Amino acid sequence: MKPNQLLMVLTTTMFIFPPAHADVRIFHPGKHKTDVSSMKEDIEHNRDQIFTDGIKLNSLELKVNDQELKINYNKQQIDEHKQGIDKNKSDINTNKEKIEEQQKIINNNELHTIINDIKIKYDEKKILLNTEKITNNNKRISDAYGLISENTTKINQLDLNQQRFETKTEHRFAAMDKRIGNYHHKAMAGVSSAMSMSAIPFVEGKRFSFGFGAGSYGGQGAVSFGSQFRLSEQIRSSAYMSYDSNKSIGVAAGISFGW
Numbered sequence: 056m057k058p059n060q061l062l063m064v065l066t067t068t069m070f071i072f073p074p075a076h077a078d079v080r081i082f083h084p085g086k087h088k089t090d091v092s093s094m095k096e097d098i099e100h101n102r103d104q105i106f107t108d109g110i111k112l113n114s115l116e117l118k119v120n121d122q123e124l125k126i127n128y129n130k131q132q133i134d135e136h137k138q139g140i141d142k143n144k145s146d147i148n149t150n151k152e153k154i155e156e157q158q159k160i161i162n163n164n165e166l167h168t169i170i171n172d173i174k175i176k177y178d179e180k181k182i183l184l185n186t187e188k189i190t191n192n193n194k195r196i197s198d199a200y201g202l203i204s205e206n207t208t209k210i211n212q213l214d215l216n217q218q219r220f221e222t223k224t225e226h227r228f229a230a231m232d233k234r235i236g237n238y239h240h241k242a243m244a245g246v247s248s249a250m251s252m253s254a255i256p257f258v259e260g261k262r263f264s265f266g267f268g269a270g271s272y273g274g275q276g277a278v279s280f281g282s283q284f285r286l287s288e289q290i291r292s293s294a295y296m297s298y299d300s301n302k303s304i305g306v307a308a309g310i311s312f313g314w
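So in the numbering used here the end of the sequence shown lands on 314, straight run, no missing numbers.
All the pointers check out, no bait thrown in.
No more than 20 Å apart at the CA atoms, straight line, and that leaves these computed lysine to aspartate or glutamate pairs for EDC-like:
1) LYS111 - ASP121
2) LYS153 - ASP141
3) LYS118 - ASP108
4) LYS111 - GLU99
5) LYS144 - ASP134
6) LYS130 - ASP141
7) LYS188 - ASP178
8) LYS194 - GLU205
9) LYS144 - GLU156
10) LYS153 - GLU165
11) LYS209 - GLU221
12) LYS209 - ASP198
13) LYS188 - ASP198
14) LYS142 - GLU152
15) LYS151 - ASP141
16) LYS176 - GLU165
17) LYS125 - GLU135
18) LYS261 - GLU288
19) LYS176 - GLU187
Please keep in mind that the hints were generated in silico from the structure rather than gathered at the bench. If you're wondering where the values come from, they're calculated on a predicted model, not measured in any experiment.
Take these sequences, add in the hints, and give me the full structure.
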């Protein structure tokens, strides 16, 4: 119902049924009032009272509307707070899940930390064992260095002896080469002497024949002379002499018999 309609209903009601506290004077047929001015005053009084009550009613309606507005505002605030509470509840659940995840991560990290501590202790034991092995190896290496130094000295001595032996051997081979060269020259000179002797021609049919010859072989040379004697028809003899490039003298003689 609208405020104007409500005001009209209240005015009519109050005019017919006045409130107990209102001082309203209404015309009653049972009473003999004929004073028109008195009725007019009563009507004006009732009208003023109705206006006053209407104003109070409007004020009451305004208060009611204000209370409804406040109630609606409070309801809106309650809804907003409820939404905030729901959001906070959701955030709390989310944070709870995150806390649980973080707790799992922390537990895993603690487990990894324990495992790492075990590994570190195991590695420390291995390091100590390796340190002992390294110390032993260093001692062995030091001993090996001593043996190596001793062996190096021996090897150096062997190298020196070998060098001396090689030097002597080289000298011996050089001397041998020289002797072989000399022997080679002598041999070639001897061949040259033999060739020069065999190259001497003799005159057939003569009792005595004398001639010269020359020969060369292997870079060496020789000259020779010789003679041949016919002692009889059955006996002949010969004699030769040569001189080669090696400054050697060769002599040869022979006799033959025939029958």
